[in-house]
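*Asks:* Put together the whole structure using the sequences plus the hints.
Residue numbers (the working numbering), protein chains in the order written: chain A, -12 to 481; chain B, 1378 to 1692.
Keep in mind the hints are simulated off the structure, nothing from the lab.
In this text, a Cβ means the ideal position worked out from N, Cα and C, and glycines have one as well.
Each hint should be verified, as a subset may be incorrect.
To be clear about the criterion: a stretch of chain A counts as covered by chain B if any three or more of its residues have a C-beta under 8 angstroms from a C-beta of chain B, and this derived list gives those stretches [stated by the list, open to error]:
id, segment
1, 302 to 312
2, 330 to 342
3, 353 to 362
Capping the alpha-carbon separation at 30 angstroms, the derived lysine-lysine pairs in DSSO-like fashion look like this [what the hints assert, rightly or not]:
id, chain 1, residue 1, chain 2, residue 2
4, B, 1497, A, 373
5, A, 348, A, 373
6, A, 302, A, 424
7, B, 1495, A, 257
8, A, 257, B, 1497
9, B, 1495, A, 130
10, A, 107, A, 208
11, B, 1561, A, 360
12, B, 1529, A, 327
13, A, 348, B, 1495
14, B, 1561, A, 128
15, B, 1561, A, 368
16, B, 1561, A, 348
17, B, 1497, A, 327
18, B, 1561, A, 358
19, A, 360, A, 302
20, A, 305, B, 1495
21, B, 1561, A, 361
22, B, 1495, A, 327
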Amino acid sequence: MSSSYLLQAENISKSFPGVKALDNVQLLIEKGKVHAVMGENGAGKSTLMKILIGMIKPDHGSIMMNGREVTFHSVHDAILAGFSMIHQELLPFPELTVAENIFMGREPVTGFFGWINRKKLYRDAGKLMEKLGVSIKVNRKMKELSIAEMQMVEIAKALSNRAEIIIMDEPTSAISGREVQVLFNIIRDLTKQGIAIIYISHKMDEILEIADTITVMRDGKYIATHPASALNSEYLINLIVGRELNAIFEKRNTNKGEILLSVENLEGEKFSGISFGLRRGEILGIAGLMGAGRTEIMEALFGLRRIASGTVYVKGQKVNIRSPRHAIANGIGLISEDRKHTGLVLSSSVKHNITLASLAKNDGVFLHPDKEKKIADAKIKEFNIKTPSANQVVNFLSGGNQQKVVLAKVLLNDPDIIIFDEPTRGIDIGAKTEIYKMITALAEKGKAVIMISSELPEIIGLSDRVLVVRGGTIVKELKGEECSQELIMQYAMN
Amino acid sequence: MSFAKIKSPADYFSRYGIFIALIVICIALSVATPNFFTAQNMLIVLRQVSINGILAIGVTYVIIAGGIDLSLGSVIALTGVVAASFAHPGTYPLLVPVLLGLLTGVVVGLLNGLTITKGKVAPFIVTLGMMTIARGLALVWSKGRPVTNLSKEFNFIGGGDLLFVPVPILLFVLVIIVSAVILKYTRIGRYIYAVGGNENAAAASGIRVNRVKLFAYIMCSGLAGLAGIVLASRITTGQPNAGIAYELDAIAAVVIGGTSLLGGRGSIAGTVIGVLIIGIINNGLDLLNVSSYYQQIIKGVIIVGAVLLDRRNAR
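*Replies:* Structure follows, in structure tokens:
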């Protein structure tokens, strides 16, 4: 019954200069099913989705909707054919209301002059929200909404477009556990109405929970499609990575040394009463929900936010950190959670990004291009950064490789205290494992590591101690052996 | 600015497109008029572009750092009248008007830069304000009248030849070399690209962003001061109404040269080519007796066309 497929995309190929992004890929989607697409960054998922949503055209291949061949010349065509996409980074009109956002470009109009029929606009938007079973007032401004709520609005928009297939790209990357469950309930409702979901995510447990079918891609090629019920996470990882992954988290020597960093009663705009110590060779995990103040505390320690009161000691010396410059000078390094915002100069080359933070230390007024090139090449090798050359503009690298560039940059200054904020967000399993190894190696070399993460397995797997942050204060300190996901969540959520 | 390795003719064109355009324009004009490609005319072109060239190099710093400077035309007038009023024959040695002209430019740059960094006002607004402030100061200083009767030595800067080459051209070349070295081979140059490309990332890398911006605005207005001295010397007058809308030609040259108005991307070489394209088109259209009305239209089309080409190449 091959015609039972809602979408049949077959033999899809797409090349970009120098890269074969997709090589004879297929994707078969059934009505009313959640179909997960998995693969490492650079596996070709995004390219395939961009083709389905009409953003780019394939070089070869056919796309059949309901057994009829379709060609998209624009996103508009794809939407008319029944596709909608909820992007990872939502792009709403912040000053407009929920209803206006939903019907943007398709407002109901009346009369000769085409006045917008506001009454109908809000009534229709309200009905959509009701259908979704969410209680977001449609006259609220988009900017007042949380990310999870914005997603609901995007889904409502897809429904109003009569979407038959909704593509969700990493929908849970920025929402909390409870919100994920709300989203999953809505997804289940949608599938009951016959809508198919293409679900893209790196999160194994979520995929196994929500997906009916899983397609795995690797290096631009189609690998396999299986019913989710026939898969477990180890097998899935093998499919994705294409090699056996030994235990992701290795045991390491925990040789703790003297106290490198000590914080007393730190207070700032979004946190207060923060006190903790950190020893050489130690990995300190910082857990908590989104918005609990974890990032703010660490940014203050790095001089990106103002410290209102409290004391910071580095190697027993009282220090006054007013800017990242002071932090770096005191041997603190930060790998920020938002590499595009605070990590990288996207328009510059890999080389220039790697050396950016250490020019002040290594060069005088004039730069040393030969030395710089040598350093960059060495770091590219050491960190296994996949780039055609050190001169490649960093914007063209995949997420995992960009993250490694940030890491190389920060570590080039040889900091003693290294803060990782969500070091593996949005990067694939292969790169994740590499980053775990690097973190472990740093601790073994006698560095002190702080790691903020929302992924509990990685916090528990790596940390010697975990601080749970809620409402801007540390609510609990858990020792390595007493850590469990349940316990952390219990303190994080109260 | 770095580029990936050249692999195909398309890559080649995207890297050297503007340069190729310059050569094509030159060839076309050589065919169209016999007077174009002569040593004498080339010197004329170079002398004509040197003032816009110095300005354009200056504003390249600011644009790569992610800012903009609209006050250049007025700064030219202000520095010109200040320098001229100390350049009457038999008053001060030549160094005095030159240094005071440059210093005036530097002070304007410092004010622009401080208002933008410490005051956190948008560069467009600050320099728009400075555009009328500096113009007003030039008129106040000169009491609205041209400052004439300048010394021979002062007039040599804009009108004299050294080793058969007009002095403005020599100054322009000097500015090109120094700026190319600063942007490519010094730490502050690298920081300018970083700040323009991503201010937050630059700050998180321990760069003192405000100082970098200040440097860019001071270089920009300082070079405008130099251009003001050259212009006053060339027309042997400190003219408070000189230089109106000069900033537009300078910014146009930078943009034609492939420097992104978003910051973080661009080069001195590009700006020089942009300056030459504008100068050669002006000169060529003059030689062809095209009316100045049409010249304006053609120039505008070229500015937008160049950016359009750049856009397409930037994928």
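*Asks:* A separate judgement is required for each hint: does it hold in the structure or not?
*Replies:* Hint by hint, here is what the structure shows:
1. 302 to 312: As far as the segment 302 to 312 of chain A goes, the hint holds, because 3 residues have Cβ atoms under 8 angstroms from chain B.
2. 330 to 342: Check passed, 9 qualifying residues.
3. 353 to 362: holds (count 3)
4. 1497(B) <-> 373(A): 39 angstroms, violated
5. 348(A) <-> 373(A): 27 angstroms, holds
6. 302(A) <-> 424(A): At roughly 26 angstroms apart (the allowed maximum being 30 angstroms), residue 424(A) and residue 302(A) satisfy the hint.
7. 1495(B) <-> 257(A): Between residue 1495(B) and residue 257(A) the Cα gap is close to 25 angstroms, so the pair holds against 30 angstroms.
8. 257(A) <-> 1497(B): Measuring from Cα to Cα gives roughly 24 angstroms; hence the hint holds.
9. 1495(B) <-> 130(A): It holds: about 29 angstroms lies between the C-alpha atoms, which stays within 30 angstroms.
10. 107(A) <-> 208(A): It is violated: about 47 angstroms lies between the C-alpha atoms, which goes past 30 angstroms.
11. 1561(B) <-> 360(A): Since the Cα atoms of residue 1561(B) and residue 360(A) sit roughly 14 angstroms apart, the hinted pair holds (cutoff 30 angstroms).
12. 1529(B) <-> 327(A): Violated, because 57 angstroms separates the two Cα atoms, which is more than 30 angstroms.
13. 348(A) <-> 1495(B): 26 angstroms, holds
14. 1561(B) <-> 128(A): Given pair residue 1561(B), residue 128(A) is violated - Cα atoms ~47 angstroms apart, limit 30 angstroms.
15. 1561(B) <-> 368(A): Holds: residue 1561(B) and residue 368(A) sit about 25 angstroms apart, inside 30 angstroms.
16. 1561(B) <-> 348(A): It holds: about 18 angstroms lies between the C-alpha atoms, which stays within 30 angstroms.
17. 1497(B) <-> 327(A): 23 angstroms, holds
18. 1561(B) <-> 358(A): 15 angstroms, holds
19. 360(A) <-> 302(A): Violated - the C-alpha atoms of residue 302(A) and residue 360(A) are around 33 angstroms apart, more than 30 angstroms.
20. 305(A) <-> 1495(B): 29 angstroms, holds
21. 1561(B) <-> 361(A): 17 angstroms, holds
22. 1495(B) <-> 327(A): Within the cut-off at roughly 25 angstroms; holds.
Checked against the numbered hints listed earlier, the structure breaks hints 4, 10, 12, 14, 19; every other hint is satisfied.
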